[in-house]
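Mapping of the sequence shown onto the numbering used here: residues 11 to 244, in sequence order.
Hints in this document: simulated from the structure, not taken from any laboratory. Treat the hints with care, as some may be off.
If you anchor each label on the Cβ, the simulated ranges turn out as follows [as the list claims (entries may be wrong)]:
| id | residue 1 | residue 2 | range |
| --- | --- | --- | --- |
| 1 | G135 | A87 | 36 to 42 Å |
| 2 | F128 | E84 | 28 to 34 Å |
| 3 | P59 | F191 | 15 to 21 Å |
| 4 | N199 | F160 | 18 to 24 Å |
| 5 | F160 | F190 | 20 to 26 Å |
| 6 | D155 | A87 | 23 to 29 Å |
| 7 | E183 | A87 | 17 to 23 Å |
| 8 | R163 | E84 | 28 to 34 Å |
Note that the Cβ used here is the ideal one computed from N, Cα and C, for glycine as well.
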Amino acid sequence: MSTWEKLFADADLSVREPRRPFDVGAGLRRIAQDSGYVQPPAGQMPKGPNARRRLGVMARVTVTQAGAASHVEELTALLGDADSVAQFDGWTDGVDIEGVQVFACMLYLAHHPESARFWWRFAAGAGYSGAAYCLYLDHLARGEDREARFWRRQVTALFRPNPGRNPELDPEEFLEALEFFTGYSARNNTSRPVATGRLEVEFERLADRQDDDGLVCRPDALLADRIHDLAGRP
């Protein structure tokens, strides 16, 4: 027995930390939940790593959906110069909110999370439930459970069913569908991959040009071209 082993063996029990029993099954379940392989129990929010993967899924699906570039083009037409930005501050009438959501998700994928949060909050403030869901996952990924719970409630509060598709869809069913879709896609890597290199270059250009704090305050025409490249469709 070495000197250290003898000292530890002779130490009083009061200075030794008791060995805690380890539940192997519970530990494996926690790892599976954190990795996104199983859904958390009903009503329980996913953990940070899982939430981050889900948010990536949501962002990729948003920027590669049909019509994403058109939405950004419409937003750019309204916000693409300094004069219109000054007029735009504080109002949402006439703004393509889906374009705002696409723009925010582009920012997130290009590693500009603060700018993405700014535009997600704008879209959520205009009543867009998908933006509230992104904020819920974003806060959850950062371990901000209180803020995450707030935005989770906003997802259902802001939800409005599409009269032409699912006029009777319940807000909670909508949230459950989002959770299932993002969770399944994160586990199985089914969302379309997005190469963000050129997108990151464009956003660095905009950040340098637009704001002293590095926030990207508005899109420009080149970003719509980048979405065409990402989506590979009109």
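Hint check results:
| no. | hint | result |
| --- | --- | --- |
| 1 | G135 - A87: 36 to 42 Å | violated (21 Å) |
| 2 | F128 - E84: 28 to 34 Å | violated (19 Å) |
| 3 | P59 - F191: 15 to 21 Å | holds (18 Å) |
| 4 | N199 - F160: 18 to 24 Å | violated (30 Å) |
| 5 | F160 - F190: 20 to 26 Å | holds (22 Å) |
| 6 | D155 - A87: 23 to 29 Å | violated (39 Å) |
| 7 | E183 - A87: 17 to 23 Å | violated (36 Å) |
| 8 | R163 - E84: 28 to 34 Å | holds (30 Å) |
Hint compliance for this structure: hints 1, 2, 4, 6, 7 are broken, all remaining hints hold.
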